[in-house]
Structures are given as C-alpha cells and as structure tokens.
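**Q** These are the residues of each chain, in order.
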Amino acid sequence: MRIDWWTLGLQTVNVLVLIWILSRFLFRPLAAMIEARRAAATKQLDEANAARAAAEAERQKAQQEAADIAATRADALKRAAEDAEAAKRSSLAAAREETDRLRAAAAADIARDRQQAAADASNRASRLALDIAARLLSRLPEEARVAGFLDGIVTGLADLPAPVRATLGADGAPIRLKAPRALTPEEIATCRARLTEALGRPIDIAPVVEPDLIAGLEIDMPHAAVRNSLRADLDRIAAGLMEPAP
Amino acid sequence: MTSPLTLDAVFHIGPVPITEPVLVTWAIMVVLSLVAHLMTRRLSLHPSRSQAALEAMVSAVDSQIADTMQADPAPYRALIGTILIYVLLANWSSLIPGVEPPTAHLETDAALAVIVFCATIFYGVRSLGAAGYLKTFAEPSWVMIPLNLVEQITRTFSLIVRLFGNIMSGVFVIGIILSLAGFLVPIPLMALDLLTGAVQAYIFAVLACVFIGAAISEGRPPRRAEAEQQETR
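Residue numbers (the working numbering), protein chains in the order written: chain A, 1 to 246; chain B, 1 to 233.
Bear in mind the hints are in silico, worked out from the structure with no lab data behind them. A few of these clues could be false.
[Said to hold, decoys possible] Beta-carbon label-pair distances, calculated as ranges: (1) A:Trp20 x B:Arg42: 21 to 29 Å; (2) B:Met57 x A:Gln44: 19 to 27 Å; (3) B:Ala52 x A:Asp68: 45 to 53 Å; (4) B:Ala52 x A:Lys43: 35 to 43 Å; (5) A:Ile3 x B:Gly98: 33 to 41 Å; (6) B:Trp26 x A:Ala48: 15 to 23 Å; (7) B:His46 x A:Trp20: 47 to 55 Å.
[As the list claims (entries may be wrong)] Quick partial rundown of chain B residues pointing at chain A, CB under 10 Å, derived from the structure: (8) Leu5; (9) Met57; (10) Gly81; (11) Ala111.
Since we're looking at a predicted model, the values are computed, not measured. All C-beta atoms, glycine included, are put in the ideal place defined by N, C-alpha and C.
Whole structure, please, built from the sequences with the hints as guidance.
**A** Pasting the structure below:
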C-alpha cells in the first residue's frame, strides 16, 4: 500500500476549489433567492394581513353603518308611527268634532222640526180652538162677545204703570179700541165711560173692528196695549204650549 | 483491473503526477461548475422546474444541517452541500464505462476526511475560541484527554475507511463479476452500487455535520434546551 501524496494534495485542493465554486455559483444565489422569496412571501403575508385588517375595519365600519341605518330606520318608523298616531288622533278628533257638529245640526234640525211640528200643531190647535170658540161663541148673544170682556180690559188698563196710563189719550187722540164686530152706540158709550172711569179723565175712543179677536176687547196704542180677547188668550195658550219643557 | 491501493499517473505536469482520480474530479468540477452557472443564471421569484429542484435540494441540505447541528445552516451550507454533491457524483461516476470513481481510492477519501477534520477544528475554534475548543478535550474530565485526542483521529480514519471500503468493494465486485460472468450480469450490482453510493454520500455528509456540530456545541447546552429555558423564563 502506498499513499500518493500528490494526489491527496491535489484532491484536497480540488475539493476546496469545488466548495468555493459551488458556494459562489450555486448555494449563495439559491439561498439568496430562497431568502428573497421568503421575504416576498412575508411581505405579501404582511400585506395580506394588513388588507385583512383593513377589510375587517371596513366590515366593522359597514356593520356600524348598518346599525346606524337600522337605528335611523327605527327612529323614522317610530316617528312615522307617532305622526300616524297623531294624525289618527287628529282625524278622530276632527271626525268626532264633525260628528258632534253633524249631530248638533241634526239635533237642531230635529228640534227645529219638532218646534215647527209643535208650531204647526199649535197653529192647528189654535185654529181648531178658534173654530171651536167661534162655533161656541156663535151660539152666544152678540152682546156677550163684548160686554163680557169689558171688566177685563178695565182691569188690564188699571194694571198698566201710571206713566203709561198717563200717556193714553193725553194729547186728545182717541184710544184705538179693537172689537170682533162693530160696536153699538150704547156699547161705545159704556166702554168710554168705563175707560174714563179707569183712567180718571175724559177720553175718546176709536172703535176698530177686528174679527180675529173672536170675542173680547183690546186697546192698541203706540206706547201701550191691553189685550183681553179670546184671540189673546189662545195666543198665550199657544205660546205656553210652544215653550220647551224645563 | 489494477490494485485500488496503488495509483498510476496518467500524465505529469512538471514533477506533479496527474492520476485518474484527479482527472475525474476535475471533470466533475467542470460539470458542476457549468451546471451551477447555467442553472443559476436566471433565477426568479417564480421558479422554473429546475430552479425549484435546486431550491428543494438546498432546502433539504439546510434542513439536515439545522436538524443535526441545531445551528444556523448558512455557514456550513457550502461545505456540507459540496461534500454531499461531490461524493454522490464521484460514487456514481462508476456508471460511466471505463471510469473508476475517485472515492474508490484512499487519496480522495483522505482528502475529504482531512477537509472535514480541519473544518471541525476551524468551526470549533471560531465558535468556542481556541481555549474553549481545547477545553472540550477535557470533557467530562481531564482523564478523557487522550481518548478524545484519539477519537479525533479515529473518527477521521473511520470516515476514510468507510467510504473507501464501500465504494472500492463495489467497484471490485462489479469488476470481478464482469470478468467472470459476462457483459450484462453486473447490472443489478451496479444498481445496488447507485444506492450504496447515495447512502455513503449521505452518511459522509451527515457525519461531517455531526462532527462539526459536536465541535461547536461541546460544553454548551443544546440550542433547543436554551430555547426551552428562555421560554420558561
């Protein structure tokens, strides 16, 4: 066995040179490229993480906006509901007011119709009473349609206030005395005498025929009137009937 | 067939005899240089298939170094990677008819082992300092100094003899069978030689890692243990 030292030395140098060559042309460029790729991957991962974080922030922002929109929507719905409720109450109030007004108008119409019906009934009753009274009085003597009411007209004249009584016939004007028929001279004289006696001074009378009186007498002056006739009684009765019940 | 223990010069350059292992090694160097230059000319972040294969190989070497030495693979990548590639190609060069692998001769294996021996000392001193590295020979006690010194020598010789024995025996077996049986008979054995060559290249590179790793971490807690200790703090 023999060791060739030249070969040993050359092979050592060869391997060292090969180590340098491969280090320079193979391992270093490849390791640098692997490192560059790792750096690029790290950078891309960082960018991806940043993008993911940004996307997450955008998602949270969108969620916040959605929540805000939902809150705004809820507020708008609540406001709309309140407005609708207010409008409903207003409409109900207006409808109720309109109903009350229509009801009041209807009640007024009903009352007016009732009043009109009562007035018509009163008129018919008055006419019926007049007819009845006229038929009854037509069976009495003609004197009774005047003489029977003379005391009443004197009493009504006495009930007038003194200043009013003082104006009756004060300027010499005759007192208008209404009667259902033409008075006879005796009846005119009697009436003048009783009225003179009631007023306490001489007066003159002017008889006026008023068939509507049916029976009785009435004094009709510009400042005073004394009614004592069947017509006046019927009018008072009709007015009493027309008065609404308390 | 000539004796593997003797070398004849093919030619001389001055007083220097150029033997066949040196010529084959030069051929391997040329091929590797051309391939490395051609394949790393246009490296890109978007790798081609060949670039991806090379990067996978470098990553595998880095991973092996990191696993074995528990250290950053960058300072040792060129040495370990070159030893792996060179031994592998040298072992497989026997497939070329008429070519005898350089690793079938003691000189080449001794050169590789000497480089690993020197690298072990270099990296050990660089890592621990000269005094620190020398102290490792007294671990665990000064009584072990002779044994540790002998171990440095014997493990280097074991590297030489292991690689030389495996490759030389393969070449001899194929040569003997070829001379006895015929032309195509040694083919299965050549296939087995491929496997043997790959395994021996891997073993040589891993043992280089182990020796250098032991030199740089002798007397220090393992890197993983350090990390665990830092985590517990």
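**Q** Of the hints given before, which are not true for this structure?
**A** Result: hints 4, 5, 6 and 7 break, sorted rising.
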